[in-house]
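J.: Below, each chain spelled out in residue letters.
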Amino acid sequence: MNVIEVKNLRKEFITNKRVIKPNGKKYLFKRQKQIKNAVNDISFEVEEGETLAFIGPNGAGKSTTIKMLTGILYPTGGEIKVLGFNPSKERVKLSYQIGSVFGQKEQLWVHLSPYENFKFFGSIYDIEKTKLSERIEELSTIFEIKEYMHQPVKSLSLGQRIKCEIVASLLHNPKMLFFDEPTIGLDPIAKETLRKLIKKINKELGTTIFFTSHDVGDIEEVCKRVIIINNGKIVLDDSMKNLKYHYLNKKIVDVNLKKNVKIKEKDGIKVLKAKDTLYKIEVDMNKTTIDELMSLFSTEDLQDISISSTPLEDIIKDIYRGKDE
Amino acid sequence: MNKYLNIYATSFKQESKTYANSLTSVVSFVVIIYIFQQLWRFIYGGNGGGTLINGYTINMMIWYMIMAEVLMYSVNARGVTRAFGNDIKSGKIAYQLNKPYNYYMYQVFSQLGEIMWKLVFLVPTGIIMGLVLLGPIQNFSVIYVLPLAISLLLAVVLTAVIYGTVGLLTFWIEEATPFTWIVQKFQMLFGLFFPPEFFPTWLQPIINYSPVYAMMSGPCKLMASFSWDLFLNVSISQIVYVAFFISLGLLIYKLGTKKVNVNGG
Chain L
4 MNVIEVKNLR KEFITNKRVI KPNGKKYLFK RQKQIKNAVN DISFEVEEGE TLAFIGPNGA
64 GKSTTIKMLT GILYPTGGEI KVLGFNPSKE RVKLSYQIGS VFGQKEQLWV HLSPYENFKF
124 FGSIYDIEKT KLSERIEELS TIFEIKEYMH QPVKSLSLGQ RIKCEIVASL LHNPKMLFFD
184 EPTIGLDPIA KETLRKLIKK INKELGTTIF FTSHDVGDIE EVCKRVIIIN NGKIVLDDSM
244 KNLKYHYLNK KIVDVNLKKN VKIKEKDGIK VLKAKDTLYK IEVDMNKTTI DELMSLFSTE
304 DLQDISISST PLEDIIKDIY RGKDE
Chain B
7 MNKYLNIYAT SFKQESKTYA NSLTSVVSFV VIIYIFQQLW RFIYGGNGGG TLINGYTINM
67 MIWYMIMAEV LMYSVNARGV TRAFGNDIKS GKIAYQLNKP YNYYMYQVFS QLGEIMWKLV
127 FLVPTGIIMG LVLLGPIQNF SVIYVLPLAI SLLLAVVLTA VIYGTVGLLT FWIEEATPFT
187 WIVQKFQMLF GLFFPPEFFP TWLQPIINYS PVYAMMSGPC KLMASFSWDL FLNVSISQIV
247 YVAFFISLGL LIYKLGTKKV NVNGG
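Respectively, the protein sequence lines represent chains L and B. The first sequence lines up with residues 4 to 328 when you count with the numbering used here. The second sequence lines up with residues 7 to 271 when you count with the numbering used here.
None of these hints come from the bench; they were simulated from the model. Some hints could be false.
Simulated DEER-style distance windows between Cβ atoms [as the list claims (entries may be wrong)]: (1) B/Ser253 <-> L/Phe16: 27 to 33 Å; (2) B/Ser253 <-> L/Thr133: 37 to 43 Å; (3) B/Trp178 <-> L/Asn26: 28 to 34 Å; (4) L/Asp240 <-> B/Val126: 54 to 60 Å; (5) L/Lys20 <-> B/Ala15: 46 to 52 Å; (6) L/Lys96 <-> B/Ser253: 21 to 27 Å; (7) L/Val113 <-> B/Phe48: 41 to 47 Å.
Pairs of lysine to aspartate or glutamate, EDC-like flavour, derived with a Cα cap of 20 Å [as the list claims (entries may be wrong)]: (8) L/Lys247 <-> L/Glu224; (9) B/Lys105 <-> L/Glu109; (10) L/Lys254 <-> L/Glu316; (11) B/Lys9 <-> L/Asp129; (12) B/Lys105 <-> L/Asp129; (13) B/Lys23 <-> L/Glu119; (14) B/Lys98 <-> L/Asp183; (15) B/Lys9 <-> L/Glu131; (16) B/Lys264 <-> L/Glu82; (17) B/Lys19 <-> L/Glu109; (18) B/Lys105 <-> L/Glu93; (19) B/Lys264 <-> L/Glu15; (20) L/Lys20 <-> B/Glu180; (21) B/Lys264 <-> L/Glu93; (22) B/Lys95 <-> L/Glu109; (23) B/Lys19 <-> L/Glu119; (24) B/Lys105 <-> L/Asp183; (25) B/Lys260 <-> L/Glu93; (26) L/Lys84 <-> L/Glu8; (27) B/Lys95 <-> B/Glu181; (28) B/Lys23 <-> L/Glu109; (29) B/Lys105 <-> L/Glu131; (30) B/Lys98 <-> L/Glu184; (31) B/Lys105 <-> L/Glu119; (32) B/Lys98 <-> B/Glu180; (33) B/Lys98 <-> L/Glu109; (34) B/Lys9 <-> L/Glu119; (35) L/Lys84 <-> L/Asp240; (36) B/Lys95 <-> L/Asp183.
Heads up, the beta-carbon is just placed ideally off N, CA and C, and yes, glycines get one too.
Excised from the complex, chain L in its bound form:
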């Protein structure tokens, strides 16, 4: 079952810019209307229980899309259905079915304890007292926050606070959870813990995860599907498995030879860097093999060799830049 259905979605932002005179100065009152297509005719669907990474560079249109999905912004054109609701017309009804965690925007009352905050959010989402107590008990066990659940939020570490933010967003048992850079500012251990918890929410509670992050580690570990948006258009919509299979086919081979050798480039083999006897070579495994590369120099000349995959981060950067071919 699809929980999100987006068809030909568009969002235009209209701004008025002062017109420049021939002498380079600006007119005081004369304005020119400028239309920016923040989201330009995108379509996609998300199935129940999916973990989707919705990523793109700054200004790509991802934030605008999320705001339209949650009913905060009105689309200029196209159709959106989230959990069967039209977000811009049924925002309040939809809000009972979705949750959101924003790494940079806190929703908890900082002078109060997480427990007091949970009771507050329970009342906001009209949760019965007994059900709320059960839910707090369940989630505090899953997230292991009992130890500091009665301390003021302001005294918690960032990692502990984010865990409590997620619990607050899950109290009303949302069918979908929107994460916007939840791991920002966290140390590697806290990041790892959080990623595991998000996967746990998806697996144990069946919550659909809609994930935005600039941290490739988050996306790689948490999400099974990736949508990359750039300049308001979807440039890639694929499973993480396919992305890795198709785009991680390039290997980086670092070779250290005993003497200086001229390595000839050929189809699938590209010398990225050559300095003295050190070579950095990119090998496209779809076109050639490592054996082929090895044949370009004598193994007797070989001092050291290391083979690594292109980091996913570089691949995503290339896709952002439009070098996805």
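With chain L fixed as given, assemble chain B onto it according to the hints.
T.: Leaving out everything else, chain B in the frame of chain L:
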């Protein structure tokens, strides 16, 4: 409505954790009351005796001033405007909009929680100062406590709603606090410093029908000299203005949310 009362209660609880700040504010309140009562004593001449200025004895004038200072100190005008404005400017409002409540009403009740916490300190301090400096109010009866409390509450609700509505202007302009400054100066000039009777006859009806009367002069006059007719008159004015400004705020909020993308989108 229940969830808005919970917002109010949670905000009150949150504010109660910052009691050290509240105590600092009370010290400043005490100093101001003392300075102003000295000033009025000077104006009235010596201990005031039976002097009447525009129908006010010195005792009435100082009780008026105590109530006015309670109202000024309980609602931090710029703070209320900024509470609304900062969310709009920073884009945080976008993340509040996907909650099952009306953001405008959320902020109003949240601000009321803070205000009520301040009143917990300010009202007893004001009463004690008045009793110490002046003694009991003449012809005061215990049955006036409830209507006075109602009038005080309606006044703070109205003041918070007005400054909150000013804060919503941030949807269109970068900084709304200059407007707060202007409104606050009207509130001070026509309400805090002098009762309406101190102004020219032609100006008095304008003041008496203005929001300043409902948010400041009206409840202060009740404190200085209570009458049921005056209470009725002030309450009607307060209820009408609260309803008007809440409706206006909701309308501005509705129009403003369509502009969320411009600021902080």
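J.: Next, verify each hint and record whether it holds.
T.: Tested hints:
no., hint, verdict
1, B/Ser253 <-> L/Phe16: 27 to 33 Å, "holds, 30 Å"
2, B/Ser253 <-> L/Thr133: 37 to 43 Å, "holds, 38 Å"
3, B/Trp178 <-> L/Asn26: 28 to 34 Å, "holds, 31 Å"
4, L/Asp240 <-> B/Val126: 54 to 60 Å, "holds, 57 Å"
5, L/Lys20 <-> B/Ala15: 46 to 52 Å, "holds, 48 Å"
6, L/Lys96 <-> B/Ser253: 21 to 27 Å, "holds, 24 Å"
7, L/Val113 <-> B/Phe48: 41 to 47 Å, "holds, 46 Å"
8, L/Lys247 <-> L/Glu224, "holds, 12 Å"
9, B/Lys105 <-> L/Glu109, "holds, 14 Å"
10, L/Lys254 <-> L/Glu316, "holds, 14 Å"
11, B/Lys9 <-> L/Asp129, "holds, 8 Å"
12, B/Lys105 <-> L/Asp129, "holds, 12 Å"
13, B/Lys23 <-> L/Glu119, "holds, 13 Å"
14, B/Lys98 <-> L/Asp183, "holds, 13 Å"
15, B/Lys9 <-> L/Glu131, "holds, 12 Å"
16, B/Lys264 <-> L/Glu82, "holds, 18 Å"
17, B/Lys19 <-> L/Glu109, "holds, 18 Å"
18, B/Lys105 <-> L/Glu93, "holds, 12 Å"
19, B/Lys264 <-> L/Glu15, "holds, 13 Å"
20, L/Lys20 <-> B/Glu180, "holds, 17 Å"
21, B/Lys264 <-> L/Glu93, "holds, 15 Å"
22, B/Lys95 <-> L/Glu109, "holds, 16 Å"
23, B/Lys19 <-> L/Glu119, "holds, 10 Å"
24, B/Lys105 <-> L/Asp183, "holds, 16 Å"
25, B/Lys260 <-> L/Glu93, "holds, 15 Å"
26, L/Lys84 <-> L/Glu8, "holds, 5 Å"
27, B/Lys95 <-> B/Glu181, "holds, 9 Å"
28, B/Lys23 <-> L/Glu109, "holds, 19 Å"
29, B/Lys105 <-> L/Glu131, "holds, 18 Å"
30, B/Lys98 <-> L/Glu184, "holds, 15 Å"
31, B/Lys105 <-> L/Glu119, "holds, 18 Å"
32, B/Lys98 <-> B/Glu180, "holds, 15 Å"
33, B/Lys98 <-> L/Glu109, "holds, 9 Å"
34, B/Lys9 <-> L/Glu119, "holds, 14 Å"
35, L/Lys84 <-> L/Asp240, "holds, 19 Å"
36, B/Lys95 <-> L/Asp183, "holds, 19 Å"
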